[in-house]
Each structure stands twice: as structure tokens, then as C-alpha cells.
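Protein chains: 4
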Amino acid sequence: MKKIAVITSGGDAPGMNACIRAIVNTAWQHDLEVIGFRHGFRGIVEDLNVPLHPDDMRLVSQRGGTFLKSSRFPEFREVDVAKKAAQVLDQHDISALVVIGGDGSFRGAHHLNQYWGGQVIGVPGTIDNDLAGTDVTIGFATAVDTAMDAIDKVRETAEAMARVFIIEVMGRHAGFIGLHAAIAAAAEAMILPELEPQPKLAELADGILQARAAFPDSSYVVILSENLWPGGVHELSKNLSKATGVTCHPCPLGHIQRGGRPNAQDRILAMQLGAAAVDAILSGKTAMMIGLEQEHVVHVPLHLTFERDKPLDARLVQLQLGLQGVNITSKTSK
Amino acid sequence: MKKIAVITSGGDAPGMNACIRAIVNTAWQHDLEVIGFRHGFRGIVEDLNVPLHPDDMRLVSQRGGTFLKSSRFPEFREVDVAKKAAQVLDQHDISALVVIGGDGSFRGAHHLNQYWGGQVIGVPGTIDNDLAGTDVTIGFATAVDTAMDAIDKVRETAEAMARVFIIEVMGRHAGFIGLHAAIAAAAEAMILPELEPQPKLAELADGILQARAAFPDSSYVVILSENLWPGGVHELSKNLSKATGVTCHPCPLGHIQRGGRPNAQDRILAMQLGAAAVDAILSGKTAMMIGLEQEHVVHVPLHLTFERDKPLDARLVQLQLGLQGVNITSKTSK
Amino acid sequence: MKKIAVITSGGDAPGMNACIRAIVNTAWQHDLEVIGFRHGFRGIVEDLNVPLHPDDMRLVSQRGGTFLKSSRFPEFREVDVAKKAAQVLDQHDISALVVIGGDGSFRGAHHLNQYWGGQVIGVPGTIDNDLAGTDVTIGFATAVDTAMDAIDKVRETAEAMARVFIIEVMGRHAGFIGLHAAIAAAAEAMILPELEPQPKLAELADGILQARAAFPDSSYVVILSENLWPGGVHELSKNLSKATGVTCHPCPLGHIQRGGRPNAQDRILAMQLGAAAVDAILSGKTAMMIGLEQEHVVHVPLHLTFERDKPLDARLVQLQLGLQGVNITSKTSK
Amino acid sequence: MKKIAVITSGGDAPGMNACIRAIVNTAWQHDLEVIGFRHGFRGIVEDLNVPLHPDDMRLVSQRGGTFLKSSRFPEFREVDVAKKAAQVLDQHDISALVVIGGDGSFRGAHHLNQYWGGQVIGVPGTIDNDLAGTDVTIGFATAVDTAMDAIDKVRETAEAMARVFIIEVMGRHAGFIGLHAAIAAAAEAMILPELEPQPKLAELADGILQARAAFPDSSYVVILSENLWPGGVHELSKNLSKATGVTCHPCPLGHIQRGGRPNAQDRILAMQLGAAAVDAILSGKTAMMIGLEQEHVVHVPLHLTFERDKPLDARLVQLQLGLQGVNITSKTSK
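For the protein sequence lines, the chains are F, Y, W and H, in the order given.
Note that the working numbering has the first sequence beginning at 1, numbered continuously upward.
Note that the working numbering has the second sequence beginning at 335, numbered continuously upward.
Note that the working numbering has the third sequence beginning at 669, numbered continuously upward.
Note that the working numbering has the fourth sequence beginning at 1003, numbered continuously upward.
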């Protein structure tokens, strides 16, 4: 019986468990045996293996996080370490490895591919959605829902107290969560790494002042992507408070965005991609990521997923810029 | 100043409010005035008009239901009634009407189009997703999340008590909610109108018995679409209990599936389509539905949305059939 | 080392896992060993034992259901079966048994107490809250939240469509869930087993007609306790539709009310009572239930918990009757 | 017709809307007219009055925040400002004022009472629960649920990545939210203002190291009350990282704790206290807060609510200290 392995790697994302279930169950249908290594690439090197059987997959897809656990493991860039992983995989007679993770994990998978003869298949699992070659990544939809729910909550107290909030969301170096959360939560402004030109402090302050003049009784919510403003949300809030004379409250959403039960979209996506990963193995593919583009499963060479940038959907950016502009100016300019 | 009107019609769906916001704000950007009629087509006929301004749209997109209210209004099929609506619209100098609703509402819109000279634009808003010409409808994603959350809850007590549950979900005459909820909740079986051939009682009973033999300690969940099994979920549960000797508990999810705050996917979809509806009006289109296909906004002649059937995604059906088969048989057949 | 056992019995309730955690961790602090039997009393008789250690309790309190599983086991009323259980407990050298469950389970515990020499301690775990001797039972608060959330969802679609809904909630033969859900969801009417006199059909119909006259645009929600109206919620809806000429939609909430992650109140209650159960064992108590009255832990002879009825809080009944009366009549009578 | 007024004041809290509904509906039953002033005491001074009628209260109790809006208004401490408020109240012929808020608001109410002849009644509404004379305050239960849900989410990613998190919760200068959230989320450690002696850095570091040795694969969660550690959660995380050599991630939950739909407990509490406030007015009381002690409504002189400290429940502190100790040490010391 042929044997395949699976790991979850890098930042965990809601839906990873559903993906593992689909891999294990689909493999089982085709008489493939599956083992997992805990804690990602580190777990391969340290041989933290665990057999995976459909019987144990019945109730995992409902849960957040990853029961296989994950880790960041920069040491894997070293040739010796990758070779050690190859050796462990060979000892277990593994013929294919599925890596569920983001761009760092796919660099690792690509690296391993040079020192190991088995097939390597990537499945995009990251809340940040910053992988080229797929419209969506596992965990992104849930993270957006979580951010939106949190912003909705902040909106309620902001509205009750007529306050300005600067809310920092995750996204590493991409604005996907920020953009989608801003639209969904009907934010008054957004600051994302991809915006050209970046909004200046003076403009942001001006938007606040304009809205305060028009709606003195109301809330005002700015969405800020992490890793973007020097000093982060606290510094921006301080600067905006000073520039406007209105207290701007900082609110970093933090790691709640990585947790939570996956929503339906993420579970279904995860199972589609997991099943497709096994199909790709059966048809002999290697060094490929399984993606979803325009609702179709696609195979993308691994290196293309992290060598290219993935742009935001320009139409969604325009949509939000238009809607938020009206939010601010409707009363004053009419 | 040009004036347009908007109604929500038929069964309400989460996201309708976000759609109205996008219509009002986008119209305002282009100097169009917007009025709403409450309670759908009936509200036009009875002239239940209400002016809509961006200032009132700031906090509506977060909320479920439709603040414009909706209704079913079969009388609208009569020529006189449609003519009366046309007259009211003309009295208000309306040049275009946006109808947010499902197939019944689009039949109404198509009907009105024959007796009224203004532009008629449809936006797909129904939890059932049973409209041809668009991949998704406003409210569908939230309804699937709501159904999934409910099934997850039932799963917990089912698992604690080692019980079989037959869970009935909405969908009118289509299996979209059933299919997506079944995948997301990792159901052991599903009965959808589109399955060919339909699963027979004997097969369903056999699945239950097989799983009980393999996992006597565990839960078993069957998803049933409404309007499908004669006598509904109660009759099916009775029949299955008799056929298997195992008590099968009926659980109709009911109208909770229509409520709830819209999730991010529905809010974003609703705003995209709402903004696109105004764009379509500006470019002179009429008798068209605004849809989303493969992530792109499309315009579809209204009559094509209800004259054709919309099939389930066959790949998702296969995915679930495969995964659920493994859930049931993994232990016994190995 | 002294050894104690724990079971969860009867209908599962959110918070049971947190209670088990508190029992195991508290026992461990006092050098008591703990084993669980799966599936309640049946599991004792069939010796389905499983050792329980704090290491395995770290992440259980967040989850709904009961990982020890439960069951209904009417056979336990037979003397031979109870004696068999006593024998198994003795074989394991168990000196005390904690039973987490409702009144049926406490009858079982009381029965066992007559044929077994060890200590028997009950902890009230049932969503129905129908146990005398304690203000609240584990699972009740979460069930009320779940019912309320569901009613809130139904309210949204009811409001959008100006509909009347009759919503059936759980409670076996007690109106606790019904009363608390009715207040929390601002229902227009409620039908609970404890109301004296029971509202008649004519009165219920009258309330609906009065409200429809005053608020023709609005929703109307009646809460009905299960096992109360002949024919249940479907029959009542049919009768009310006929009596009023207004379609009244039935909506049984069903088993979702037993599932779901426990809320904070239930987790904290569960841990208080679980820890107190171990304290009671250490101080030599037996045939006692651990309850919470006016925020204090109390010990109540087991038989008093099921021999007496537990009344609803009359002040809460009056509160809701007053508030709902105003909901219906404010406009008409002013 | 006698006229009463109501304000929400200070930090908003989930449940305030339900409380307003109960006040308005109960007043209406007794032929009292009700007006609200927006934005708390400031709204009285600026005469931002709005009439309140039961018809508008039908759907408010489901919503978070306060539709009357609130504000902090330190100027109210000045005699002239309080006199101005008295004057406005007299102009409106108000005979009684209900203030829903926390200790700052009750100081304001007490102050007003010296310059105004009407009755002044307080209702405890603050998420912090830091008011003497009542076991619970409106908003506290929801805030604890919100904090717990957030910590549960962080726990999932912490568990997947085997990480240590320091999570900062609200509470102003009291540990109620911290304590209840720590129990409910099964935290490994907590730092609350009331703990005597305060845990030292060395002890905290030691707990982390001990647990990492025993459970190297697992998460570790410390709950920190705000306004307690110099430099806050970021400084504490830095110090602990340094002391242990393990990265400790800071996670301030922030203002999401003030938002959200009120849970059932808060809605029911809010309606009880709101109705009791009107009863107190009718029976001639003044300068009193309506509280709930041991499930009974009580009247407490306003000044006693803010002049005394409210201690944590010592039994709950002991419960959590015991349970968390076992979480950390069970494996190592056995």
C-alpha cells in the first residue's frame, strides 16, 4: 500500500482540520495510507509522526486551529535540515507529502523538493490570502468574519459614545483582510499596503473632521492593516488625535483573527482542496499548489505562488472607496 | 434630478440591507435620488413610499432581514395590478426600479416591464440560491452558515447520546443549502431534490445500520431538503426508525435559516451587486438581473433567471458522496 | 489512594465537561484517583470505564455535550441492574460516585444508594432547570441563550414579512426555558405549563388580532413550552390561524437547544459545583445533591430534588406578563 | 400625567436598551410619561430630549450599545452645571430621573440630587461590575462571554502553535471580568488587582517554565486585568519573555468587550431592574440604586454604591487558583 504524509505549517488557519479530513478520507478511498507529522516541517525532521485514519476524522472539521499542530521553522532553509527531512520521509516509505500552509511553507516545500524524490503538493492555508495562483486560501473567509464581528462590536460602543476608532487587522503584508473587513463592516476609511498613493495623515484627519461636522453624534471607524503604519495603531491614533483634536481610540484585533470554528465557506474550500490534493498525487503531479480560481480547481507550480505578488481585486477597492466616501460626505456636501 | 426606486420582494434574505445601502450610496454619487417602497410589489401598488438617503444607510448593512420589509404578493400576476404599479411609479417620476428578490420576484419584475416604460433591474436576493445566471445569491452564504451552526449543535448532543438525527433544511425546491450544509457539517448522508437516482429508504436504512455496527458509540446525521420526502422529516424519521430498529430523531431547522446578521461574504456580495445595479441603470440597461459568475459581475436577461434550472455543482456533490461514504464504511470494510 | 467515579447521565447539557474537569482537578489536589464510566449508569453496568487525569482536562471545558457520553437507561430501576452496578463499582474499589444529571438520574442515584455502600453525590446537569433544591442547573443558561439567539433570528424574518410565529422551546414539563427565553426575546405571548389559568385559544387569538390592528406591519412571537399543547406547535398554529384568519407559522426549535459551547455562566457554575462535589465526598456526605441557592453552595438530600416541584420565579412571570401586555396594547388603547 | 426621564451614562453596556424598554413599558402601565435625554448628563444640560413610547421599544432589547447614547461628562461635578440640569428637568416637569450607569454616573446622580427636588434612581449598568450593593451589573455577563469567546479563539491558535499568550481584559480597577473570564476559559494564570499578594514576575515566569516542561506541545494563557501592570500587557509580555526565554505574546482584547448583543442573563437582569426602578419611583423612593442581591431586588442608598469597595467572591478566586494550579503542575509533580 502506497503511503502519503501531511503536515500543517506556518500560521494556523481555520479549516486546516477539514482539509486534513478530506485528504485522509480521499486517500483511504484510493487505498493510500496517510500519516501526519506534528508541528509542520520541524515534526518531519524530529519524526513526530502520527497515523491518520478516517475513523478519527469524523469530528475534526468543525474545529478551529489544527490538531496536527503547526510551527514556524526557519531552520528548514538549511540544506542539511531539508536532507534530514527527506531521510525521515524515506524511512517511512512516504511517496508524497501534502503541505498545508502559506508562502513560507511553500518555500520550504519547494526547497524540500530539491532534496527528496517524492511528490510535493501544497494546499493554500493561511488567513492572509496572500498567495498568488488561488483566489482564496483556507482560513481567509473565517478570519474576515471574525474581524467583521469584532468591528461590529466596537461599532456599537463607538456609536453609543460617538467615538472614533482605529482598528488594526491582520494580513502580514497584504490588505485582503483589511479590504474585506472594511467593506463588510462599512468602515469610514481604510489604510492598506496596496493603496496607491497611501492616504496621508492630513487626509485621514480631514475625513474625520468632515464626518464629525456632519454627524457629531456618530461613530467613525478606520481600518488599518498591520505592519504598515510606523509605530502601528497606537502611534497612528496618537497622531490623528493630535491632528484632529478628537480622541482617536486604538483597537488592535490581534490573534482572535486566527482562531474560531471555520465558517462553511472555509470548510467546503478546505475539503475541495484536500480531495484535489490526493487526486493530484494519484495523477503523478509534483511541486504544485492546488488552488481555486474562478470556482475551478487549478494546479500552480509551487514557486509561482510566492514569487509573484497577488493584487487586491481593484473593483472591490473602488467599491469601498466609493461607499466610504459617501458615508463621510453625504450630509455636508448636499 | 433623476429618480430611481428600490424594493425587497419575496422571502427576505440576510444581506438585503447591505444591498440597499450600496444602491443608495452609489446612486447618490451619481446624483440620482432614491425612494424605497415598503413590502415589495404590494408597497408600490399601495404607494408605501419612503425616501432613502445615505445618512440613514450608515448602520443598516450589519443587520439581518430587510428594513424596507418584504412580502409575497401573488396578485401582482394580474395585469391590472401591474398597471397600477406602473402608474404609481410614474406618479413619482421614477425612471428605474431595482428589485431585490428571488425567482418569483423576477417574474413580477418581468411582468411589470411589459406595462411600464422605466428600466427594471433585478438583484438576486434569496437564501435558496436557486436562480440561474448567478453563482450565488445574497443570503445564501449566511443561511448555510446558520444551518451549519445548528447542525454542529445537534451533532454535539447526538454524539453525547449516540443518536441518529434527520435534519431538514430549507431550499424550496433546490438542494443548494442541503448540499453545502452537508459538506460543511460532515453529514453522513444527504437527500436533495437533484440527486439521481434518489436514495431509497432501504439504502438510507442500510447506511445507518452499517455505521451503527462500526461506530455504536457515535452520532449519525442525515440532511434532508424540505418539500422532498412525502410527509417531511417526521415521516422519514418514522420510516427509518421502523426500518432500522434505531430511533431516528427528526429535527426541522425552520425559519432560523432566514434570519441572522449577514456574514462578510453576503455583505460584500450585496454591496457589489447593489453598486452594479446602479451602474446598469446609468448605462441604460433594462430587464436584466445583475449576477456574479466566476467572480465577475454579469448581466443576465431577467427571464433567463427563472426559465432555466440551476444545477448543483456536480463536483461538490461527488465530493460529499465520497467523503460521507468513507465516514460510514471505513471501519467495517477494512 | 482513594478512588472516585463520575458519570454524566440522562440528557446531555452544555457545561458537563467543565464539571468533569473541576471534579478531576479537585480530586487530584486531594490525592483522589478518578475514573469515568461512559454512557451513564449503563456504562457502570457494562463496565465502560476510562481513567481520568488532569492532563486530559486542559481543553474540555470549552466544549458542548459530554465527552464521557450519556444515555437514558430505564432498566436501572430494576434491583438486579442496580446491584450489578454496585458490584462493578466495588470491583474497581470506588468509594464515591458523582452523578451529573437531572431528576431521572437522581432517582437512579438514589436507587443505587440502597444497594451500594459507597457515597453517592449528585450534581444538577440539565438544560430544563427542573430540579428542586438549586436555583440553576448546569446547561440552563446556555440553553436559554441558544433559544434566544434562534428566536432573535426568527424575529428578523418575522419582522421583514410582518408574520406571526409560534415558537416551541424545550423544558420537558417545566417552563423555565420558555419563561426566560420569552423575557429575553421580548415575546408578545407565552404558554408555559405553570401558568394558572392556562391561556385559552380565544385569548391568544385576541392578542394576535389586537396587535395586528395596532401594528399591521410588525411581527408577533408566541413562545410555547413543549409537551403542553395537544398536538404541539403545529396544531396550535393551525388553530390560531383558523381563529384569527392570520397565518401563524409554527417553529419548533428542537435539539439545537441541547448543543453549543457552554456560556461563561454555565462553565463557572459547573466548575463550582464539580469542586464542591469533591469537597462533599471528602467531608463524608452521601445521597446529597450539590446545588446553588442565592449564590451559595448547598447540600440537598437527593430525594428532595425530585419529589418536590420547583416553581417558576413568580416575579419574573409577572414581569413578562406586564411587558408583553404593553407590547400588544400600547397603541390601541392610548 | 406624571413625567419621568431616563438617561444612560458613562461607558455603555450591553443590556442598557432592554432596561430602557422595561422602564418605558412599566411606566406606561402606570400612566407615567417618559422622555429620554441623549448622551447622559450632558444631554440633560443641553436639553437633547426625545420622547419614549412603548411602540418604539418593541425591538430595542436585542441590540447592544444604547440607542439613547451615552457620554462621559466630568463637567457635571461643577455646581453650576448640575443646577443647569435641574433647571432643564424642571422645565420639562420631570418628577423623577432614572440614571443607568456606573459609579461615576451615580456620583453625578448623587450630586444632582442636592440641587434638584425630583426623585433620583440609579440602575447599575457597567460591564465592570464594580458597584457595591448589587451582585451583578447590567452588561457584565455579556462582557464575560465576549472575553471568554475571544480567549477561546486565541486558545485555538495558541494550542496549534504551542504558544504563550498574555491576554489583557477590561475591568477599570476591578478584577471581575478577569476572574470570571479566567475560570470560564480555564486560564493557566491570572493577575487581578484584588489578589493579595500580587503575583511576582518570578512566580509567573516559573509557572510558564514548569508548564512548558510538562506540556511542551501546549498553550499557556495568562489573564491580566487592565490598569494593573506598569506598561500594560506589552511590557509584561516583554518581561516574561525575557525571564523565561519563551516568547510571550501580548493580546489586549480592548473595546470588543463593550459591544455585542446582550446575552439572556443581561437582558433579563436589565428588565427586572428597569421595572423595579419605576416601582421605586411610584413608591416615593429617591437617591437609591436598584440592585440585585441573592436574586432579590434591593434598594441601596446611592452613595453607598461608590463609597465602598466591592470585593471579588473569595470562593471563586480560590476555585480558579486551585484549578489553574493543577493545570500547570499535574504532570510534573506526579
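Derived by calculation from the structure, the hints in this document are not laboratory data.
Honestly, I wouldn't trust all of these hints.
Stretches of chain W that chain Y covers, calculated by requiring three or more beta carbons in the stretch to come under 8 Å of a beta carbon on chain Y [to be verified]:
| # | region |
| --- | --- |
| 1 | 813-825 |
| 2 | 829-841 |
| 3 | 871-884 |
The calculated lysine to any residue pairs, modelled on SDA-like cross-linking and capped at a C-alpha distance of 25 Å, are [what the hints assert, rightly or not]:
| # | chain 1 | residue 1 | chain 2 | residue 2 |
| --- | --- | --- | --- | --- |
| 4 | F | K238 | H | S1285 |
| 5 | Y | K576 | Y | A496 |
| 6 | H | K1004 | W | G900 |
| 7 | W | K978 | W | G900 |
Partial list, computed: chain F residues near chain H (C-beta under 8 Å) [as the list claims (entries may be wrong)]:
| # | residue |
| --- | --- |
| 8 | R212 |
| 9 | F215 |
| 10 | W229 |
| 11 | T247 |
Glycine is no exception: its CB is placed at the ideal position from the N, C-alpha and C atoms.
* Could you grab the alpha-carbon distance between K978 of chain W and G900 of chain W and see if it respects the 25 Å cut-off? => Measuring from Cα to Cα gives roughly 23 Å; hence the hint holds.
* Would you settle whether the hint for W229 of chain F is holds or violated, based on the nearest Cβ-Cβ distance to chain H being less than 8 Å? => violated (17 Å)
* Asked: Keeping to a limit of 25 Å between CA atoms, is the pair of K238 of chain F and S1285 of chain H held or broken?
  -> violated (50 Å)
* Within 8 Å of chain Y's CB atoms, at least three CB atoms from the region 829-841 of chain W: coverage verdict -> holds (count 3)
* To do: Quick one: see if chain Y covers the region 813-825 of chain W, three-plus residues with Cβ-Cβ under 8 Å.
  => holds (count 8)
* Does F215 of chain F pass the interface check with chain H, least Cβ-Cβ distance below 8 Å? -> violated (12 Å)
* Asked: Within 25 Å, alpha carbon to alpha carbon, are K576 of chain Y and A496 of chain Y?
  -> Measuring from Cα to Cα gives roughly 18 Å; hence the hint holds.
* Asked: Is the straight-line distance between the alpha-carbon of K1004 of chain H and that of G900 of chain W 25 Å or less?
  -> violated (45 Å)
* Asked: Do at least three Cβ atoms from the region 871-884 of chain W come closer than 8 Å to Cβ atoms of chain Y?
  -> Our answer is that it is violated, as 0 residues pass the Cβ test (under 8 Å) against chain Y, missing three.
* Against chain H, run the beta carbon of T247 of chain F and see if the smallest gap drops under 8 Å. => violated (11 Å)
* To do: Classify the hint on R212 of chain F as holds or violated, based on whether any CB of chain H lies nearer than 8 Å to its CB.
  => violated (14 Å)
Of the numbered hints listed earlier, those contradicted by the structure are 3, 4, 6, 8, 9, 10 and 11.
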